[in-house]
Amino acid sequence: MEDTPVKIVVYHCRNLRLFKDGEQKIFCRQWPGLTMVSIPCSGKIEAHHLLKTMAGGAQGVLVLACSEKACQYLEGSSRSRKRVDYARLWLEKVGISAERLDFVRIPPMDRVALENLLREFLSKIQSLEALPAIAKA
Amino acid sequence: MIVATLKEIDEIRKMIDRYDSVLVVGCDSCVAECAAGGARETMLLASALKLSYLKDHMNPTITEAVIDRQCVDDFIDQIADQVPEHDAILSLGCGAGVQALARVYSDKAIIPALNTLFIGETQSRGVWQENCLGCGSCKLGYFGAVCPVARCSKKLMNGPCGGSKGGRCEVNPEIPCGWDLIIRRLNALGELDRLTEYVPPVDWSTSHSGGPRKVVREDQQP
Ligand code: SF4
Ligand code: SF4
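Residue numbers (our numbering), protein chains in the order written: chain L, 1 to 137; chain A, 1 to 222.
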């Protein structure tokens, strides 16, 4: 039981170009419990996606975006930040730590920054009491 | 459109905690436009409820459904096969939608998830403005298409009152003075002369004050 990996979902903007073709799968194998989801723009993510991901069993969710100036869709990165904040508000409303949800802007193609961030986030989530699992779908 | 906001989750929980299974039903029309009760908010609320119950070690069945209009039977019928499997319906429709569901699914508890506020417009992204009270006798033609009933805090027909200051309403400086808007608009249209005519007090009998209203059109009936 103790070895059950902590389920973390990371939504990352495709324009961060964190992985070349096929690399994402290999990367995730090194991080048990991690699911990386590439999205066309971080602005595509909305609060309902994030809460659904949490309700689906994720113990933590990260949204990785480009810097505001680098956003190819101009407003995507700033919109995304507001939406993550809104989802965090909802987590607080239901009495779950908002720390389980985070929005981070990282430099493009920076795999080292990604790994450091994952390590930090994972240890933060592990320090929180685990959310009970859903028995019924 | 009808503008509404989502209720706080604690209030919703108080109303639905007694049920083992709840069908959360969104309405993808007015309340979707005002980001209160459409497909997105239905997913958001259903997920938030699941998380909230999870935290309390409770596990009711929460199912999502969305229909285009909760105030029209043809659409309401679309969830007919899901309704019997649940103890209650949590509706993200406006008050009219909630009551229409209750009429159609008469043996089911129907709980509102929204506070229905007003008839209004999307003024800019994320901003909804009340601008019609459904008085039943529209006079916008005399007032440059700015409603004195809805936009003037005192519903004055021959305004402004003495409290209008710098285009703001004396009731609350956050509110633009409806009469300031009327005068500016008529002035821009070159139709200020419309205001020289005295407008008699509103006949409220055509409004909700005359009791619940109904429109019946035989030509539209089967
Ligand atoms: S005059 Fe009456 S019907 Fe017309 S916009 Fe105002 S409240 Fe609505
Ligand atoms: S200040 Fe303007 S909007 Fe407010 S009550 Fe007076 S006339 Fe109406």
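Just so you know, the hints here were simulated from the structure itself, not pulled from any lab data.
Don't take every hint at face value.
Between beta-carbon pairs, the in silico distance windows are [stated by the list, open to error]:
id	chain 1	residue 1	chain 2	residue 2	range
1	L	A98	A	R184	42 to 48 Å
2	A	K108	L	K93	33 to 39 Å
3	L	P132	A	V216	52 to 58 Å
4	L	Q126	A	R103	35 to 41 Å
5	L	K44	A	Q99	50 to 56 Å
6	A	A109	L	S67	22 to 28 Å
7	L	E129	A	T122	47 to 53 Å
8	L	E99	A	S205	21 to 27 Å
9	L	K124	A	R184	34 to 40 Å
None of the values given here were measured: they were computed from a predicted structure.
Note that beta-carbon positions come from the ideal geometry of N, C-alpha and C, so glycine has one too.
Verification of the supplied hints:
1. L:A98 with A:R184: 42 to 48 Å: Given a distance of about 45 Å, which is inside 42 to 48 Å, the answer is holds.
2. A:K108 with L:K93: 33 to 39 Å: About 27 Å separates the Cβ atoms of A:K108 and L:K93, which means 33 to 39 Å is violated.
3. L:P132 with A:V216: 52 to 58 Å: Holds, since L:P132 and A:V216 (Cβ atoms, about 53 Å apart) stay within the stated range.
4. L:Q126 with A:R103: 35 to 41 Å: violated (51 Å)
5. L:K44 with A:Q99: 50 to 56 Å: About 36 Å separates the Cβ atoms of L:K44 and A:Q99, which means 50 to 56 Å is violated.
6. A:A109 with L:S67: 22 to 28 Å: The hinted range 22 to 28 Å is violated for A:A109 and L:S67, with Cβ atoms some 50 Å apart.
7. L:E129 with A:T122: 47 to 53 Å: violated (42 Å)
8. L:E99 with A:S205: 21 to 27 Å: violated (57 Å)
9. L:K124 with A:R184: 34 to 40 Å: violated (54 Å)
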